[in-house]
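*Asks:* Residues per chain are reported as follows:
2 protein chains.
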Amino acid sequence: MSINLLDSLTETLLMGPGPACVPPAVYQAIAKPTIGHLDPRFIAIMDEIKARLQQVMQTRNRLTLPISGTGSAGMETAFVNLVEHGDRVLILKNGVFGMRMVDVAQRLGAEVDVIEFEWGTPVDVEKVKVQLASRSYKIVAVVHAETSTGAMNPVAEIGAAVKPTGALYLVDAVTSLGGIPVETDAWGIDVIYSGTQKCLSCPPGLAPVSFSDRAVETLRARRTKVPNWYLDLTMIVDYWQGAKRAYHHTAPINMLYAIDAALEAILEEGLEAVFARHAETHRRLVAGLEAMGLSMPVAPASRLPMLNAVRVPEGVDEAAVRSRLLKEFDIEIGAGLGPLAGKIWRIGLMGHTARAQNVDRLLDALKKILF
Amino acid sequence: MSINLLDSLTETLLMGPGPACVPPAVYQAIAKPTIGHLDPRFIAIMDEIKARLQQVMQTRNRLTLPISGTGSAGMETAFVNLVEHGDRVLILKNGVFGMRMVDVAQRLGAEVDVIEFEWGTPVDVEKVKVQLASRSYKIVAVVHAETSTGAMNPVAEIGAAVKPTGALYLVDAVTSLGGIPVETDAWGIDVIYSGTQKCLSCPPGLAPVSFSDRAVETLRARRTKVPNWYLDLTMIVDYWQGAKRAYHHTAPINMLYAIDAALEAILEEGLEAVFARHAETHRRLVAGLEAMGLSMPVAPASRLPMLNAVRVPEGVDEAAVRSRLLKEFDIEIGAGLGPLAGKIWRIGLMGHTARAQNVDRLLDALKKILF
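Line order of the protein sequences matches chains L and C.
With the first letter of the first sequence counted as 1, position 110 gets the number 110 in the numbering used here; the numbers rise by one all the way through.
With the first letter of the second sequence counted as 1, position 196 gets the number 196 in the numbering used here; the numbers rise by one all the way through.
Chain L extracted, bound-state conformation:
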């Protein structure tokens, strides 16, 4: 019976790779009365969301809106709107989400080149420059915060290397947005996407995207229709910013209430204060883990504050630890993905989760389980 399953849900401290904890104002927003997707009151909310997204993404891009799907729909949107058959795409890969980019782009008929870097280490910009000097690309793509490893890529520096080549610069900011600076315009990013369930502290279900004017021109100049009706931005923008607000698909109304409230909370706290809170909480976690004798595979300079990879100590059943954390302490942490499965835990300090008392609660629980 759903009554039982849903009613028995208790607040869980979400310290995995997302979803993160959701603040009360966002829960209140998501349960506001549903209204129509063409209702003038809803159009005003859409405008507010766009303006707030522009602030959080640090961009003046007109095409800035949340796609009606989860973060991976953002990735799909970014590639499907720009890739045509045979287009050359360079992907800088050092984790699961870079790998996913390769799969997405190849399915769309792109000719994909990959520079692979060791998982857990950042992209080496010099190697990127060498590759960019040897071949021209329509798109160069990288993941800002590799959720699978906890490593941060030097997105600003890569952008500076891409700019003179004329390629479109595509960045995955699913985990970074709202946790560390993401300066879309200043870093020369042409296409960026994110998800709601990480540092935006909103339930999963939407993928904010932003396209530069240059990316929009490329989209408008396609030789072929976007091979995905649902994610075709040439039509979606008519609903989000056209004078007539032409119906494309029914917007996910209540999820949009939620992101509106989530963005408002971030802007009220202030971006700098939010980033500082993530950084401080991260330092507190690292200090506590190291004091317990645990270690982190990512070098300090490349560590993401919101996604902390921690080595599973020898002889410890990592799944059993996660299970006890969840069942006995109401705390979720994440497992390793792909080649890192079984080797690391992933501890998220994302958005509303990133607070000192949450770090202390996790450290206490880990001590009780491990020692």
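One should not assume that every hint holds.
Any copy, or any two copies together, can satisfy a pair, since identical chains are not distinguished.
As the list claims (entries may be wrong) - Within a straight-line C-alpha distance of at most 27 Å, the following computed DSSO-like cross-link-like pairs (lysine-lysine) qualify:
#1 Lys327 / Lys50
#2 Lys327 / Lys244
#3 Lys163 / Lys129
#4 Lys343 / Lys244
#5 Lys225 / Lys138
Hints were generated in silico from the structure; no laboratory data involved.
Given chain L, work out where chain C should sit, using these hints.
*Replies:* The following block gives chain C in isolation, referenced to the frame of chain L:
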């Protein structure tokens, strides 16, 4: 300020083409605490949703699950998983959503044939038989309830005609599911999709889909990868029904709480009782409209109970009427789409909205505005 925009939202009587009114239990469900998408408690909720969807869709199909997007993502999912370049698809078209099917299928490289029927009239099964005798198709597709016109297509009869040809039978049940009988297995439907915001009485954001074993075999036998990573069912089913529950994309947790509660409400009332309520409310509306001298373009035998097209009387500014209904009476009704824009209103009696008191409230308001 979002506080103002969101806080000022009042309950609106949603009598347009969707979204429909949402019952309190669903609002309560959507605001339940977010938990992880791999949490065992969430896996149990997913299993419950699948089982409930099977009941509402009247199918034993194992591949029955909600896609993480709105109803149009359901249409995209249906076609993108089955269409390969050059595949022959027959689309029976008598409204905007049949037109959308043509666009979706053509973008995927299908060779599409269309039989067009006058908008507002049902598909003529004899014409379909003639076409099926002249050419073989991989897929035959039709919209059950054409939301753009208010006409119902004879899905069972078309299914009987398609069956001997061996084609896959694809049905859009976005507006019909939960309002009129949709007998997926009995009618020989291979692929069906719906949306949450119509007769399921849930906010928009999910697209329930179901694939028959034959459709799954076709999917598994593809020569090429599904050209859409986000909607690739070969991977999504590993998360929804695989023993390992392999992560694909982060599920829209709170929307899934909402559909779980919405399906429970329907099954508690009972499918037959729900269909009877829609039929009765429809008769009450028609009687009231006719008593006011208004008329309906769709013949009685083909009228959808949940979507009522009404002719705009000569000399009436149809947009002004809708605007007054919304602003003065908190009632939303829909405009005409495409060639029917300006000519009809669309009055929805979907799900939770389909109640006698709502019909009476609308009729009273219309009388005050029109006379």
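*Asks:* None of the hints should be skipped; say for each whether it holds.
*Replies:* Status of each hint after checking the structure:
no., hint, in the structure
1, Lys327 / Lys50, "between (39 Å within a copy, 25 Å between copies)"
2, Lys327 / Lys244, "between (51 Å within a copy, 19 Å between copies)"
3, Lys163 / Lys129, "within (11 Å within a copy, 58 Å between copies)"
4, Lys343 / Lys244, "between (53 Å within a copy, 18 Å between copies)"
5, Lys225 / Lys138, "both (18 Å within a copy, 23 Å between copies)"
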